[in-house]
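S.K.: Listed below are the residues making up each chain.
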Amino acid sequence: MSLAAEEGGATEAADRAYLAQVMAEIDAEVARKRASGDLPARLERELDELFLEHSPLSGRGGGLGESLRMVDAAAFIDPVVPIGSNKSGGALVKKGLRTLNLWYIGYVTHQVSQFAAAVSRSLHLLDDRVGELGRQLDAQQVAPSSVVEAAWAVGPDAWWVDGAVRALAAARGRVLHAASGDGWLVRRLIAAGVDAYGVDPRPGPVDRGELDGTDLREEGAIEHLRAVEPAALAGVVLSGVVDPMTHGERDQLLGVLCDRLAPDATLVVHSLSLAGWASAEAPPEADLASGRPLRPGTWVHLLGSLGFEASVTEGPSGADYLVTAVLRGAPPNR
Amino acid sequence: MSPAPDAAGDGPPPARAVHQFVPALIARDATGSHTLLLRQALREAGWRSEIFAEATHDELLAETVPVEEYPARAAPGDVLVYQFSTSSAVAEFLAGRPEPLVLDYHNVTHPELYGDWDPASAARSAAALDQLALLAPKAALGLADSAFNEADLVAAGCRRTAVVPVLVDLDRLAAPPDPRVAARLRAGKAAGGADWLFVGRLVPSKAQHDLVKAVWAYRRCYDPAARLHLVGPTPSRRYLASLRGFVADLGLSEAVRITGEVSDAALAAYYAAADAYVSLSVHEGFGVPLLEAMRSSVPVVALSAGAVEGTLGGAGLLLGRAEPALVAAAVHRAVCDPALRARLVAAGHAQVARHTLAGSARLAVEAVATVAGPPPGVAAQPQAAVR
Chain Z
1 MSLAAEEGGA TEAADRAYLA QVMAEIDAEV ARKRASGDLP ARLERELDEL
51 FLEHSPLSGR GGGLGESLRM VDAAAFIDPV VPIGSNKSGG ALVKKGLRTL
101 NLWYIGYVTH QVSQFAAAVS RSLHLLDDRV GELGRQLDAQ QVAPSSVVEA
151 AWAVGPDAWW VDGAVRALAA ARGRVLHAAS GDGWLVRRLI AAGVDAYGVD
201 PRPGPVDRGE LDGTDLREEG AIEHLRAVEP AALAGVVLSG VVDPMTHGER
251 DQLLGVLCDR LAPDATLVVH SLSLAGWASA EAPPEADLAS GRPLRPGTWV
301 HLLGSLGFEA SVTEGPSGAD YLVTAVLRGA PPNR
Chain D
1 MSPAPDAAGD GPPPARAVHQ FVPALIARDA TGSHTLLLRQ ALREAGWRSE
51 IFAEATHDEL LAETVPVEEY PARAAPGDVL VYQFSTSSAV AEFLAGRPEP
101 LVLDYHNVTH PELYGDWDPA SAARSAAALD QLALLAPKAA LGLADSAFNE
151 ADLVAAGCRR TAVVPVLVDL DRLAAPPDPR VAARLRAGKA AGGADWLFVG
201 RLVPSKAQHD LVKAVWAYRR CYDPAARLHL VGPTPSRRYL ASLRGFVADL
251 GLSEAVRITG EVSDAALAAY YAAADAYVSL SVHEGFGVPL LEAMRSSVPV
301 VALSAGAVEG TLGGAGLLLG RAEPALVAAA VHRAVCDPAL RARLVAAGHA
351 QVARHTLAGS ARLAVEAVAT VAGPPPGVAA QPQAAVR
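Here the protein sequences come in this chain order: Z and D.
Here the first sequence stands for residues 1 to 334, where the numbers follow the working numbering.
Here the second sequence stands for residues 1 to 387, where the numbers follow the working numbering.
Rather than coming from a laboratory, the hints here were simulated on the basis of the structure.
All residues carry an ideal CB built from backbone N, CA and C; glycine is no exception.
Please note that the accuracy of each hint is not assured.
[To be verified] Beyond 12 angstroms from chain Z on every Cβ pair, some chain D residues (computed):
#: 1; residue: 48
#: 2; residue: 115
#: 3; residue: 248
[As the list claims (entries may be wrong)] List time: in silico EDC-like cross-link candidates among lysine to aspartate or glutamate, alpha-carbon distance up to 20 angstroms:
#: 4; chain 1: Z; residue 1: 33; chain 2: Z; residue 2: 223
#: 5; chain 1: Z; residue 1: 95; chain 2: D; residue 2: 178
#: 6; chain 1: Z; residue 1: 33; chain 2: D; residue 2: 59
#: 7; chain 1: Z; residue 1: 95; chain 2: Z; residue 2: 78
#: 8; chain 1: Z; residue 1: 33; chain 2: Z; residue 2: 207
#: 9; chain 1: Z; residue 1: 94; chain 2: D; residue 2: 254
#: 10; chain 1: D; residue 1: 189; chain 2: D; residue 2: 92
#: 11; chain 1: Z; residue 1: 87; chain 2: D; residue 2: 337
#: 12; chain 1: Z; residue 1: 95; chain 2: D; residue 2: 59
#: 13; chain 1: Z; residue 1: 87; chain 2: D; residue 2: 59
#: 14; chain 1: D; residue 1: 189; chain 2: D; residue 2: 223
#: 15; chain 1: Z; residue 1: 33; chain 2: D; residue 2: 58
#: 16; chain 1: Z; residue 1: 94; chain 2: D; residue 2: 99
#: 17; chain 1: D; residue 1: 189; chain 2: D; residue 2: 337
#: 18; chain 1: Z; residue 1: 94; chain 2: D; residue 2: 58
#: 19; chain 1: D; residue 1: 138; chain 2: D; residue 2: 99
#: 20; chain 1: D; residue 1: 138; chain 2: D; residue 2: 63
#: 21; chain 1: Z; residue 1: 33; chain 2: Z; residue 2: 44
#: 22; chain 1: Z; residue 1: 87; chain 2: D; residue 2: 58
Turn these sequences into a full structure, and let the hints guide you.
M.R.: This is the structure:
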């Protein structure tokens, strides 16, 4: 290698190292901005969602009304083509061609426009019918379950937390906590050497928890699990999530959970007992929820049918309990 | 490097004509400009060369011959070059021709990138990929703008390929900037704030919506007066309407300017005023505006996608993700760190120097000569790196 080539190679290597250093500093700056609250990850997600609302025909935004407006706008086929031209005399030539062809093109486009108008009219009728059905369903709608937590049953000092951390301490892979609140259990798990993160549909606690860089996401448990790769999780903790669920929601959650847990993964469920749910200390959301907690034995039965080995620990006051389950082999639906 | 079958001593006589075919010759378009510049290079090399087009922009009517006239003009030994970037009846026409074919491939935006935005364009892209699979095995040579595009050609069954950068006359930006555009940009700058620039078609795959998110984050964190200029044609009305609505919802109607297609003089004014060129495009077969930005001494921040890394050649900040916070921080650094800015600009000039029009034209002629034989009157030509 010549001296010039060697010098060129050294310069390139130095440039690459310099740019790598700059990019590392930029990454650190981004982490600082997010941690300081200047630009929390939640805001970036809101930007994505806002743009999706403008996405036509996506099914995620825009809606049928917007699509119909586009259909209406495109339904008329104009046979009178523009005749502007940059060439001298071009416009005259185009006008002549247009005049010669208009009787033929006009006949065809008239039929196409009639067809498009008929399609558009049918779609408007469908839109009206769907809108009416939607209004009827609204009156019978069951609100999706939210997080229902009793203040005395969650937090770093709750009786079941040590047991949950012990059950997950040996997890080899990511562990999810839902609903994670401000990340109190996620931080505890991380301190125990577990690669943990959390999801919670409530924005307030997530924003507070993100300030120290804890990996928390503003999402519901089912919504998040659907986006996770199969067999990607070594453990899941559910607290405040399952009690208010309807049977259908609980089935959905367990179905997707079985698929996302790796073999030998650990599932920890904290639940209020029926007595705790009915007590005066239970939060008002308990009365408003569509579902109610299961009895401890029902969890053992339910999880056993899905391939788990489950055990139950009752809380000292009888107002809550902890289910610890290990997935043995592939669940029936995998 | 493999020997050119048609240029070997016992092969057919050298071609006298190398003609190009293009679905549509469009003014101020990278493929259109490449086609015109390649014709000039082929003629200067000594071949006869015409451009046969299915459709031609009004401004370029004198430059083309209708495709259907080729059979009457065909001569023994002709070599045909097809400028491939979209689906067209020209592909089927060429598939039935006996002349040796050089496939000059400028990439096809994959159908899934149109998503729900433009089903018609998605269908055209799918048809284009079918036509690529039809022509690639037949081609005597595949030319690609970039290694990224070359991989497509090889995957489609092209047996011999060469990478030849797109021919682009960057000196057209040396013309005086459009005074009215320049004055308007100066007035904006006088009020403070950085000017971000992106040049390209306003389509979902160029991800102008991600640029809007990023400039929103940049204004929030670093520079409340920053502006984003989106320059380029707007073929997707649906995407344009959505982008405008998104910009309005974010309160950025004064900060994000969607210019549409502009003249070279106006483009020069935009490059002259830009503090950073930012690309978050998710699909780039080459990226001519990246070269234009580097030629105009504008630091580049770009998402690493398609051929972007190769075109930049280390002369820009290359991002692995288009997250608004990351893009904003990178642009802030490129705009406000004089040492970084100077290094990026210097590296950009060096990269542009490796993409001269004369150099790229020479490579193109050498590559074509591996199929057509030496140009008339030329004893021997060095061969381009053909795989």
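S.K.: Look at each hint and say if it fits the structure.
M.R.: Results of checking the hints against the structure:
1. At the 12 angstroms boundary, the C-beta of residue 48 of chain D stays outside the reach of chain Z, the nearest C-beta of that chain being 27 angstroms off.
2. At the 12 angstroms boundary, the C-beta of residue 115 of chain D falls inside the reach of chain Z, the nearest C-beta of that chain being 7 angstroms off.
3. Not every C-beta of chain Z lies more than 12 angstroms from that of residue 248 of chain D, the closest at about 10 angstroms, which undercuts listing it as non-interface.
4. Restraint check for residue 33 of chain Z and residue 223 of chain Z: not satisfied, since their Cα atoms lie roughly 27 angstroms apart, outside the 20 angstroms limit.
5. Distance restraint check for residue 95 of chain Z and residue 178 of chain D: the Cα-Cα separation of roughly 34 angstroms exceeds the 20 angstroms cut-off, and the hinted pair is therefore not satisfied.
6. With a C-alpha separation of about 50 angstroms, the suggested pair residue 33 of chain Z and residue 59 of chain D falls outside the 20 angstroms cut-off, and the hint is violated.
7. Among the hinted pairs, residue 95 of chain Z with residue 78 of chain Z is consistent with the structure: their alpha-carbon atoms are about 15 angstroms apart, no more than 20 angstroms.
8. A threshold of 20 angstroms between alpha carbons decides the hint, and for residue 33 of chain Z with residue 207 of chain Z the separation of about 13 angstroms falls inside it, so the pair holds.
9. Among the hinted pairs, residue 94 of chain Z with residue 254 of chain D is inconsistent with the structure: their alpha-carbon atoms are about 40 angstroms apart, more than 20 angstroms.
10. Restraint check: the Cα-Cα separation between residue 189 of chain D and residue 92 of chain D comes to about 51 angstroms, which exceeds 20 angstroms; the hinted pair is violated.
11. Our distance criterion of 20 angstroms between C-alpha atoms is broken by residue 87 of chain Z and residue 337 of chain D, whose separation comes to about 50 angstroms.
12. Proposed proximity of residue 95 of chain Z and residue 59 of chain D is supported: the alpha carbons are some 19 angstroms apart, at most 20 angstroms.
13. For the suggested pair residue 87 of chain Z and residue 59 of chain D, the alpha carbons sit about 8 angstroms apart, so the restraint of at most 20 angstroms is met.
14. Annotation: proposed proximity of residue 189 of chain D to residue 223 of chain D holds, straight-line Cα distance about 12 angstroms (limit 20 angstroms).
15. Note on residue 33 of chain Z and residue 58 of chain D: the hinted pairing is violated, with a Cα-Cα distance of about 51 angstroms set against a maximum of 20 angstroms.
16. Restraint check for residue 94 of chain Z and residue 99 of chain D: not satisfied, since their Cα atoms lie roughly 36 angstroms apart, outside the 20 angstroms limit.
17. At most 20 angstroms may separate the alpha-carbon atoms for a hinted pair to count; residue 189 of chain D and residue 337 of chain D meet this at roughly 19 angstroms.
18. In summary, the hint linking residue 94 of chain Z to residue 58 of chain D is supported, as the alpha carbons are separated by about 12 angstroms, within the 20 angstroms threshold.
19. At most 20 angstroms may separate the alpha-carbon atoms for a hinted pair to count; residue 138 of chain D and residue 99 of chain D meet this at roughly 10 angstroms.
20. For the hint pairing residue 138 of chain D with residue 63 of chain D, the CA-to-CA distance comes to about 28 angstroms; that exceeds 20 angstroms, so the pair is violated.
21. Between residue 33 of chain Z and residue 44 of chain Z, the direct Cα distance comes to roughly 12 angstroms. Compliance with the 20 angstroms bound is thereby established for this hinted pair.
22. Using a Cα cut-off of 20 angstroms, the hinted pair residue 87 of chain Z and residue 58 of chain D holds, with the two alpha carbons roughly 8 angstroms apart.
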